[in-house]
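Please take these sequences and the hints and turn them into a complete structure.
Protein chains in written order, with this note's numbering: chain A, 1 to 299; chain B, 1001 to 1291; chain C, 2001 to 2292.
You may find that some hints are simply not true.
To be verified - Partner residues aside, some chain C positions facing chain A, computed with beta carbon under 10 angstroms:
#: 1; residue: Leu2097
#: 2; residue: Arg2102
#: 3; residue: Ala2118
#: 4; residue: Val2121
#: 5; residue: Tyr2148
#: 6; residue: Lys2157
#: 7; residue: Thr2159
#: 8; residue: Arg2201
#: 9; residue: Val2202
Derived from the structure by calculation, the hints contain no laboratory data.
This one's a predicted model, so the numbers in the text were calculated from it and none came from an experiment.
Backbone N, C-alpha and C fix where the C-beta goes; we use that ideal spot for every residue, glycine too.
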Amino acid sequence: MKILNPDLKKTNTEQVHRNWTQTAAFLCLRLSLIVVFLILMVILYDITKKGIGVISWLFLTEAPRTGMTEGGIFPAIVGTFYVTLIATLVAVPLGIITAIYLNEYALQGRLNRLIRISLRNMAGVPSIVFGLFGVALFVQRMGFRPSLLAAGMTLGLLTLPVTVTAAEEALKAVPKSYREGGLALGATKWQMVKSLVLPPAVPGMLTGVILGLSRAAGETAPILFTGAAFFLPYLPDSPFSQFMALPYHLFILATQHHDISGVRPLAYGTAFVLLVLVFMLNLSAVLLRYRYRKQIKQF
Amino acid sequence: MHNFKENAIKYFFMANGMLSIIILLGIFYLLLSRSLPALQNVGLTNFFAPGYWNPTAYTTPQYSILNLIKGTFMVGAGSLIFAVPLGVACATYLAEVAGAREREVLKPIIEILAGIPSVVLGFFGLVVVAPVIAELFGLNSGINALNGSILVGIMALPTIVSLAEDAISAVPQSYRHASLALGATKWQTILRITLPAALSGIIAASMLGMGRAVGETMTVLMATGNALAKPSSFFDSVRTLSANIAIEMGEVPVGSVHYHSLFFVGFVLFMITFIINLLADVIFQRYREEI
Amino acid sequence: MTKSKLEKNPVLTESKGKLISLNALNESRQHEYTQKEIKTEKEVKVKVNDFSFYYSSKQALQNVNMDIAPNEVTALIGPSGCGKTTFLRTINRMNDLIPGTRLEGEVIVSGQNIYHPAVDVVELRRKVGLVFQQPNPFPKSIYENVAYGPKIHGKKKRTLLDEIVEESLQQAALWDEVKDRLKDSALSLSGGQQQRLCIARVLAVRPEIILMDEPTSALDPVATQRIEDLIRKLSSGYTIIIVTHNMQQAARISDFTAFFLLGELVECGKTAQIFTKPKDTRTEEYITGRFG
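Below, the structure written as C-alpha cells:
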C-alpha cells in the first residue's frame, strides 16, 4: 500500500499500538487461567504422587489397626457410601419434585420467587451451620442420636439446592412444543408432565443427582456432630449406627492423631481415595451431560 | 374427577416446593432458640464486648466473639484479594476471548477445582502450602491467616468465575457490536464497555464468593491454626466462627452455657452469610432485569 | 367435498393490484353455499360474542363477533400480528397457558360458553384439537404418538388402540407410508409426514373441531399440497378453522374466510365473496396486496 496519506499512516501506527495492547491484555487473561490450572495441577499432583503408593488391596479392604497407625480405610469407605446413599434418598425426590413444581406448576408469582430465593440462600448456608441444624433437629428433636440417618438427612438437605438446580435445567431443556402438544390433545397437566416432560428429562436429572452425590460424599463439617465417628472397630449395621467417613477420617489423620507425621502416608492415601471417588462421580456426570446435550440437539 | 386428582398433585408439589422456605426458616428458628439460654446467661452485649472467647476458664469464662469475627473477616477478605482479580480475569477470558472449543476444554478445569472436597484442600494447605509460607517469610509456622486466605480463595474461585462469567455473557451483544463498529478493538470493547456494563453482576459474584469464604469450615480449620488471641497480621494464627464451632461442639457438655453459646456463634455466622448472600442475590437479580 | 372436485378448481394466480379471479371456483361451489347458509343457532358451531383479549397491557383482539359454521373450513387471514393466531388459540383456551392475559366477552362452542368457570378445560381441548405451526411430534414412536390421546383419555385396550391408530393414520393419509414402521421414532419422519402425524394425533381423540395454526408454513410445496388435500377431505366430518398467511391457500381450501386487522375482525363471509367482492376497502387493499 503506497498511496496512504499521512493521516491514515498515523492511524496505522496507533493501530499497531492498540493491537499490541490487546495482545498483551489477552495474554494476561490467558495467564490467569494458566495460574488456576497450575494450582489445580499442583494439588492433584501432590496428592496423587504421595497417595497412590499407599493404595493397595489391603488399604481399601482392611479396617484401621493399632491406633489407626496401620491398616486400611474400609470402614470409612463403607460409611461414606451409606451416608451418601441416605443423602441421595432424601435429596433426589425432594429436589425433583421441587423442580417440577417450580418449572411446570408455579411458573410465576410470589411463591415461586420466594422458593427460588430460599433455594439460592440455602446454597449459601455454611456447611457447619447445617451441621448445627442437624444436631438440633435430627440428633436431638427427632431423637436419631448421632447416626447414619441424622448425618445422611443433614447432607441431603445440604445438597437439595444442587439437585433442584440440575433437575430444573433438565426440565427447561424439554421443548415447549411437547407440553403444548400434550395439552392441546386434552391431557391434564400431570398426564402431560408424567408422559411427555419427565421421560426426556431423566438423563439430565441423573446428572444433577450425581453432582449432588459428589458434593455429599466430600462434605465433612455437617457430619462432624451428626454421626461421624473417630474410630469404630465394626461396620455400621443399621441407620442408627455411627459410622466412619472418608473426609472425616482424613481430617483426623491430618490433625487429630497422636502421631500426625507417622500417619501422614495414610492421610495421603485417604485423600487420594476421596479425590478419586469425587472425580469419578463428577466425570460420570459430565459425560452423561455431554451425551445428553448431543441427544437433545438431534431433536 | 381428574380435577380432584390434579389439584391433589399440584398441592402436594407445592408443599414440597415450600420445603426450602421451611428449612431456611427452620435453621433460623432452631439456631436462635438454641442460643436463647446463652443470651440469657451471658447477655448479648458480652458476646460483643472487647475480650476473648474462653468459655471454659476456671474463674471467669469469657464469651467475646470479636476476635472470631475479626479472624473470619480477615480470612474472607484475604481470600478475595486474590480470588476476585484472578476469578474475574478467568471469567473475562472464558466469556469474551476463548472460542467455543477452547471453552469446552477450559471450563472443566474450574469444575474440577469446584469438586475438590474442602477437607482435601485443608490437608493440602497443612502439608504443602504452610511450609512454603514459613520458608518464604521466615516464620516458625506457616499455619496462619495467610495460608487460610489462599486456600479459601481457591475454594471461592469457582463460584466467582462461574457467576462472573454469567454476568459478562449476559451483556447484550448490541453493546459490543456498537463499540466494535466505532473502530474499537476487542480489548477496548471489553475494558470500556462490556466489563463496566457487567460491573454490578461481577460485584454480586464477588460477594457470593465472600459468602462462601466466610462460611468455609474444614479448610480454615486445618490451615489457620485456630489461635484465640487477637490477630494483628496475616502471619498470625486466627480462629474463625466456623472453625470455632467445629472445634468445640464435639466436646462440649450438651445443655451447658458453652453449648448454647456455640449455637449463638452459629446463629451469628448464619446471619452474616445470609445477609451477604441476600444482598448479592438482590444485586444479581436486579442486574439480570436491567440487562 | 371430494378430492376430484378440488382438482377441478383452477390454480389460482395472484397478480398485484387485481382481484383474484375466482369465478370458476365460485361456480363450482355456489350450490353448496346456498344450502349451508347459516340461519339458525343450531347450525353455528362456534359463536363469538363481543370478544376482546389482552396480553398484560396490550390489546390483541377487540370486540370480535363471529359465527363459525359446522363441517366447513373457515380460514382466518390477515397481516402478522393482527390477532388471528390469538383468536384461534382462544377457541381451545391454549392462551390460558400464557400468564397475565385477560379477556372479555364470550366464546360459545356447541352452545356452551367455554370461558364459563364451570367448564373443564381438559374436556374442551378433547373436543377442540389444535395443529401447530411447527410439526411437534413427541419423541416417541409413530404408534405411541397417535395412541397418546386415546390413552390419556382412558382407552387402554390394545386392540381398540390399534384400531384407532390405524383409522386415524388412514384419515390423515399417512397409513400407507408408515404402516410397516409404526415402532419407529416419529422424529424420523419428514416434515410433511410429521405434520400429517400431528393431524392424525388430533383425529385419534375424535374432536369436533380442529384448529390449525399455519400448518403448512414450515413445509415444502409438495407436502403443503398433501395437507391441503387432507384438509378438504376432513371438512366433511369436522369443523376446521385454519390460520393462514397464504391467501391463495385460503382461497383454495376454505369455505368461509375471516379477515383480521389490528385485532379487529374486519370482514367475514363466504370465501368466494371475500376474494371477489369484499365489502370493506381494507379487505380489498389487503387481498390485492397493497399492504401486509
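So, going through the hints one by one against the coordinates:
At about 7 angstroms, the closest approach between the beta carbon of Leu2097(C) and any beta carbon in chain A falls short of 10 angstroms, and the interface hint on this residue holds. A hinted interface residue such as Arg2102(C) counts as satisfied when its beta carbon comes closer than 10 angstroms to some beta carbon of chain A; here the least separation is about 15 angstroms, so the hint is violated. Checking Ala2118(C) against chain A by beta carbon gives a least distance of about 17 angstroms; that is not within 10 angstroms, so the hint is violated. Annotation: Val2121(C) was flagged as interfacial toward chain A, and the flag holds, the nearest CB pair being 9 angstroms apart, inside 10 angstroms.
Because the beta carbon of Tyr2148(C) sits about 6 angstroms from the nearest beta carbon in chain A, less than 10 angstroms, this interface hint is met. Because the beta carbon of Lys2157(C) sits about 18 angstroms from the nearest beta carbon in chain A, more than 10 angstroms, this interface hint is broken. Contact between Thr2159(C) and chain A, as hinted, is not supported at the beta carbon level, the nearest pair being about 21 angstroms apart and thus beyond 10 angstroms. The closest approach between the C-beta of Arg2201(C) and any C-beta of chain A is roughly 7 angstroms, which is under the 10 angstroms cut-off, so the hint is satisfied.
Look at Val2202(C): its Cβ gets to within about 7 angstroms of chain A, closer than 10 angstroms, so that hint holds up.
Comparing the model with each numbered hint stated earlier shows that hints 2, 3, 6 and 7 do not hold.
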